Amino acid sequence: MGREVSESCVDNLMIEMVSAYCNRFYSTKPELAARRIEAIGYQVGHQLSERYTMERPRFSDHLEAIKFICKDFWAELFKKQIDNLKTNHRGTFVLQDNRFQWLTRMSIDPSPANADLSQDSSGETAENRAVQITSMHLYFPCGIIRGALSNLGIPCAVSVDTSNLPACSFVVRIKA
Amino acid sequence: MQFFGGSEISPAPSAPTGSGNNAHMMYIFNRNGVCLLYREWNRPLRTLNAQQDHKLMFGLLFSLKSFTAKMDPTSVEKGNLGVPQLPGQGCSFHSFRTNTYKLSFMESPSGIKIILVTHPKTGDLQEPLKYVYNLYVEYVVKNPLYVPGTPIRCDLFNTALDQYARSLA
Numbered sequence: 000m001g002r003e004v005s006e007s008c009v010d011n012l013m014i015e016m017v018s019a020y021c022n023r024f025y026s027t028k029p030e031l032a033a034r035r036i037e038a039i040g041y042q043v044g045h046q047l048s049e050r051y052t053m054e055r056p057r058f059s060d061h062l063e064a065i066k067f068i069c070k071d072f073w074a075e076l077f078k079k080q081i082d083n084l085k086t087n088h089r090g091t092f093v094l095q096d097n098r099f100q101w102l103t104r105m106s107i108d109p110s111p112a113n114a115d116l117s118q119d120s121s122g123e124t125a126e127n128r129a130v131q132i133t134s135m136h137l138y139f140p141c142g143i144i145r146g147a148l149s150n151l152g153i154p155c156a157v158s159v160d161t162s163n164l165p166a167c168s169f170v171v172r173i174k175a
Numbered sequence: 000m001q002f003f004g005g006s007e008i009s010p011a012p013s014a015p016t017g018s019g020n021n022a023h024m025m026y027i028f029n030r031n032g033v034c035l036l037y038r039e040w041n042r043p044l045r046t047l048n049a050q051q052d053h054k055l056m057f058g059l060l061f062s063l064k065s066f067t068a069k070m071d072p073t074s075v076e077k078g079n080l081g082v083p084q085l086p087g088q089g090c091s092f093h094s095f096r097t098n099t100y101k102l103s104f105m106e107s108p109s110g111i112k113i114i115l116v117t118h119p120k121t122g123d124l125q126e127p128l129k130y131v132y133n134l135y136v137e138y139v140v141k142n143p144l145y146v147p148g149t150p151i152r153c154d155l156f157n158t159a160l161d162q163y164a165r166s167l168a
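Protein sequence lines correspond, in order, to chains A and B.
Position one of the first sequence corresponds to residue 0 (numbering that gives the first Met the number 0), numbered consecutively onward.
Position one of the second sequence corresponds to residue 0 (numbering that gives the first Met the number 0), numbered consecutively onward.
Take the hints with a grain of salt, since some may be wrong.
List time: in silico DSS-like cross-link candidates among lysine-lysine, alpha-carbon distance up to 25 angstroms [said to hold, decoys possible]:
| no. | chain 1 | residue 1 | chain 2 | residue 2 |
| --- | --- | --- | --- | --- |
| 1 | A | Lys-66 | A | Lys-78 |
| 2 | A | Lys-85 | A | Lys-70 |
| 3 | B | Lys-141 | A | Lys-78 |
| 4 | B | Lys-69 | A | Lys-79 |
Output of the computed footprint for chain B on chain A, the stretches with three or more beta carbons under 8 angstroms from beta carbons of chain B [stated by the list, open to error]:
| no. | stretch |
| --- | --- |
| 5 | 1 to 11 |
| 6 | 14 to 25 |
| 7 | 93 to 106 |
Cβ pair distances, simulated, as ranges [as the list claims (entries may be wrong)]:
| no. | chain 1 | residue 1 | chain 2 | residue 2 | range |
| --- | --- | --- | --- | --- | --- |
| 8 | A | Glu-15 | B | Pro-150 | 47 to 55 angstroms |
| 9 | B | Glu-39 | A | Glu-126 | 22 to 30 angstroms |
| 10 | A | Ser-26 | B | Val-33 | 20 to 28 angstroms |
| 11 | A | Gly-1 | B | Tyr-130 | 32 to 40 angstroms |
For the record, the hints were derived by calculation from the structure and aren't laboratory data.
Bear in mind the structure is a predicted one, so any value in this text is a computation, not a measurement.
Virtual Cβ for every residue (Gly too), placed ideally from N, Cα, C.
All chains, please: the whole structure from these sequences, using the hints.
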């Protein structure tokens, strides 16, 4: 496990991947683009979890596996742990990261100063576009979590809640 | 002789205060002359409209760079004029100073030109300009929502830049 790659390289690769899928491959069908990006994340998460659980014994229950994702797995990927973990003890977990690394540099247009009414709709679509692209970028980490958990034997569905950037919460729902 | 006294005719501006409004304005251009960013913090006099102002600034710096390279008495060979060079290589123009302001300039190897206009008593600004270039890379180049070659509209970059400009002595 000695090989390293530059972080800027990975960041730029992520940006280009999302941009390629959204603007070139599936420009008319954003749901398909999202699904492809999530599938790529699934593969990556699958393989990464294989690598990072090499020395460890099997996990005794779902909570242990989720705690592994929050602490060791996230630390290997992003050099920090998940900041907050909540559960309803019935198969739903919320992993909250207060400063998700791939979102720290995203910033939107500051609102224009002109009060032209006809420009109002374009200002709105710029913000909508920003929200859309942000959610596209988050499909990849959702896929990673889903891939890692399914490799540990826990099939689940992962979605993300972005009410306040750069904090984001991943909601993991384990299939009974 | 009174002619060279000058203190009654054009009084020098007040010394930079610690409150940090030392920086007057900043321009960032890319290799093709597109003005990526223009920020002003303190500019009472505006003689041209924005377009002409940017074109004049870019043209001036292009000519100055070319002039300084041509008139370099120490260079051994004629370098490739007009091409951005690595820092330290060739002859690079740094700043000019008048009695009311100082204009500092830095060009990166990718052709990004950063211009900062400050109070005349400011020291050498090459390190601060390098820091601004770092901010540009972090918050603009790595921003997924930014399209290269277009004017910069990134909130995080503007905030970081304002904060840094205020801290310049």
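- request: Return holds or violated for the Cβ distance of Glu-39 (chain B) and Glu-126 (chain A) against the range 22 to 30 angstroms.
  value: About 26 angstroms separates the Cβ atoms of Glu-39 (chain B) and Glu-126 (chain A), which means 22 to 30 angstroms holds.
message: Can you confirm whether the C-alpha distance between Lys-69 (chain B) and Lys-79 (chain A) stays at or below 25 angstroms?
response: Between Lys-69 (chain B) and Lys-79 (chain A) the Cα gap is close to 52 angstroms, so the pair fails against 25 angstroms, i.e. violated.
- prompt: Between Lys-141 (chain B) and Lys-78 (chain A), is the straight-line Cα distance small enough, at 25 angstroms or below?
  reply: 19 angstroms, holds
task: Count the residues of the stretch 14 to 25 of chain A whose CB lies closer than 8 angstroms to any CB of chain B, then report whether that count reaches three.
output: With 3 residues close enough to chain B, the hint holds.
query: Is it true that the C-beta distance of Ser-26 (chain A) to Val-33 (chain B) lies inside 20 to 28 angstroms, as the hint says?
result: Given a distance of about 26 angstroms, which is inside 20 to 28 angstroms, the answer is holds.
field: Assertion that chain B covers the stretch 93 to 106 of chain A - criterion: three or more residues, beta-carbon distance below 8 angstroms
entry: holds (count 3)
task: Decide if the proposed pair is consistent with the structure: Lys-85 (chain A) and Lys-70 (chain A), CA atoms, cutoff 25 angstroms inclusive.
output: 14 angstroms, holds
task: Just tell me: holds or violated, for the beta carbon distance of Gly-1 (chain A) and Tyr-130 (chain B) against 32 to 40 angstroms?
output: 33 angstroms, holds
query: Mind checking, does the stretch 1 to 11 of chain A have 3 or more residues with a CB under 8 angstroms from chain B?
result: Check passed, 3 qualifying residues.
task: For the range 47 to 55 angstroms, tell me whether the beta carbons of Glu-15 (chain A) and Pro-150 (chain B) fit it or not.
output: At 22 angstroms between Cβs, range violated.
message: Next pair to validate is Lys-66 (chain A) with Lys-78 (chain A); report whether the Cα-Cα distance is within 25 angstroms.
response: 16 angstroms, holds
Hint compliance for this structure: hints 4, 8 are not met, and every other hint is.
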